[in-house]
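Visitor: As a plain string of letters, each chain reads:
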Amino acid sequence: MSKHTLSVLVENSPGVLARVSGLFSRRGYNIDSLAVGPTENPLISRMTIVINVEGHPLEQVIRQLDKLVNVIHIAEVIDSKSVQAELLMVKISATPKNRFDVEAVVETYEAKIVDEDATSITIEATGDTAKIADLLSALERFGIRELVQSGLIALERGSVTLSERTLSTSGIPIANGVQADYQN
Amino acid sequence: MSKAMNGATSLVKSLESAGVDVMFGIPGGAILPAYDPIFDSSIRHILVRHEQGAGHAATGYAQVTGRVGVCIATSGPGATNLVTPLADAAMDSVPMVAITGQVPSAAIGTDAFQEADIRGITMPFTKHNYLITNPDDIPRAIAEAFHIASSGRPGPVLVDIAKDALQKETTFEWPTSINLPGYHPQLTPDSGAIADAAALITQSSKPVFYVGGGVIKANANRELLQLAELLGAPVVTTLMARGAFPDSHTLHLGMPGMHGTVAAVTALQKADLLITLGARFDDRVTGKLSTFATNAKVIHADIDPAEIGKNRFADVPIVGDVKETISALIPALKKALEKNRPDLTSWLRQMYSLRSTYPLGYDTPADGSVSPQYVIERLGKIAGPDAIYVAGVGQHQMWASQFVSYEKPRTWLNSGGLGTMGYRSRLQLLIMNHLEWYASGRRSSMKVAIQIPILNQSAYQISQCLQKRWVVLV
Ligand SMILES: Cc1ncc(C[n+]2csc(CCOP(=O)(O)OP(=O)(O)O)c2C)c(N)n1
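So the protein sequences, as listed, match chains A and B.
Residues in the first sequence are numbered from 1 upward in steps of one, following this note's numbering.
Residues in the second sequence are numbered from 1 upward in steps of one, following this note's numbering.
Among the hints, a few may not be true.
Unchecked claim - Anything over 10 Å on all C-beta distances counts as not near chain B; from chain A, calculated:
1) 59
2) 80
3) 97
Said to hold, decoys possible - So, partial list: chain A residues that the calculated Cβ filter (under 8 Å) puts toward chain B:
4) 71
5) 99
6) 165
Hints in this document: simulated from the structure, not taken from any laboratory.
Note that the coordinates shown come from a computational prediction; the quantities given were computed from them, not determined experimentally.
We put the CB at the ideal spot given by N, CA and C, even for glycine.
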């Protein structure tokens with residue numbers, strides 16, 4: 001499998017998303033999904049990037065990414081050692097006849113109906129990539145009219161945190177980033 | 001107590017604090033506020049005729065002195081004219097800081113007069129860049145820019161400053177420390193890697209030092225000389241490393257690659273070990289990677305971890321400043337050689353025999369005219385090893401790299417990675433206090449104490465030459 005999930009701590013500064021996405025595009029790396037948002041530290045944002053590294057060794061991708069001055073730390077997220085989720089919103093065609101069936105699917109996947117009217121139902125669901133894919137195929141027969149999906153986000157299991165591993169308690173980041181993780 | 005002043009004065013004070021003595025540029029609307037304090041400062045501003053010249057002049061200054069070269073331009077077209085020299089400096093790892101004016105912050109994003117998103121444009125080929133809209137950020141940005149440009153693998157940094165940030169009141173305080181949480185170049189090599197490298201070298205019977213521009217940047221030429229003589233292995237120097245090892249030294253086989261000597265190319269191809277120092281396995285050196293030095297193991301020392309394993313697998317990767325790396329390798333190798341010194345006599349004999357059988361040469365025109373190679377060779381002999389040689393891009397660049405004998409680092413300036421015709425813009429010559437020889441195939445109207453050979457060629461030689469080669473290949 002050439003898919004990898006990277007957790008990337010970046011400085012919360014203007015242009016950082018452009019730097020990261022520009023790097024991926026100019027070096028020909030494929031991004032499957034990218035989710036970015038604030039963290040517990042207002043100076044730092046966290047990106048979760050799912051990449052397809054066919055033809056480019058993961059190590060090279062990480063080293064190029066680490067060269068960006070605003071990138072503080074990169075760690076690969078291992079599926080079995082992490083919790084992962086995507087957010088899905090999907091609008092399906094609904095009739096009084098199939099409403100009951102839709103509700104059954106929604107319940108099975110612990111999804112939620114967040115909006116409905118006479119001809120449509122909007123469903124919201126979270127879960128890992130496989131669960132979201134399964135839900136979508138279960139909903140297909142009702143007719144998917146529109147869907148929107150977030151990138152994957154992930155967090156390591158257990159009490160370890162990436163931020164603590166990277167940043168000193170005073171909040172002044174000191175660790176030397178990816179080298180520590182990837183050279184041993 | 002810090003005194004109130006405008007952003008422009010803070011900028012100039014910052015540049016002074018960063019040690020800038022000269023900068024190259026052209027004024028214009030958005031950067032104009034900075035020009036008043038420049039004239040009152042200790043910094044010498046050299047007015048050029050095109051911003052590209054300012055950028056290359058800054059590059060040349062940096063390549064000769066080892067200091068950060070500085071150029072300055074206005075917003076929009078002034079800034080976009082710096083794109084080529086910035087890309088050039090990125091390719092050749094030259095420490096450079098470019099200051100550009102930007103339209104006032106309220107106008108950014110409105111397609112205002114002379115607005116160009118120079119930060120966005122230059123992201124791919126600056127080491128880092130800034131857009132400053134708050135005058136209080138100016139000293140920190142300038143301090144960081146000089147730190148980033150000159151440390152680790154050197155490179156260009158651009159600081160774009162909105163006009164109103166130059167005009168507004170601020171206070172100046174030069175930062176005492178730099179806090180870049182994501183920037184920690186590794187200078188000291190791992191001792192385990194040094195030991196592995198020393199061990200691998202003692203097992204090699206056909207080692208070659210493959211020396212790149214990093215050795216010059218790290219001022220590691222003395223250390224290289226020691227290391228090379230300690231092992232007694234042949235040395236090749238790339239286009240960016242000409243002068244890193246004396247051309248007159250017996251162990252030197254010349255330049256490898258597409259325009260290299262037979263001995264240097266063969267040495268790399270036949271080697272069982274490449275001791276790669278500050279070089280990056282560029283395609284002009286390797287040709288097709290799958291057929292490059294197929295029997296060689298690789299020790300790859302570079303300050304940029306991303307270069308290691310990028311084009312060629314490294315059996316022993318060493319991340320660090322190449323001066324520190326070589327300095328650590330010398331005692332480690334000394335010790336290892338005491339136990340086991342490989343016999344390199346037959347390897348050296350082969351290489352020396354290639355060197356004498358296939359020396360660099362050129363045809364003497366039958367009609368009695370003087371060949372351009374001869375002119376360059378003579379210039380090199382007359383001007384000697386202390387002159388600084390500057391080439392443009394093309395055939396004369398290759399001749400100048402081949403037929404001048406370089407003995408010292410920082411005496412050979414050219415555009416290697418980007419191959420920028422116009423690099424040797426006449427403006428660049430202004431930077432030098434030394435006598436220099438200026439080899440170019442183009443006419444020039446310079447009237448300064450500089451020798452400019454004009455090689456009378458009716459065509460772009462390199463294109464002809466490559467076309468010929470192309471015909472032969474097809
Ligand atoms: C900006 C730019 N445009 C085009 C080229 C392609 N190019 C490479 S060498 C060359 C000819 C150079 O001619 P000249 O400066 O006379 O040097 P010569 O090769 O004749 O010695 C050209 C057009 C380039 N390298 N850079």
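Visitor: Which numbered hints are broken by the structure, listed smallest first?
Guide: 1, 5, 6
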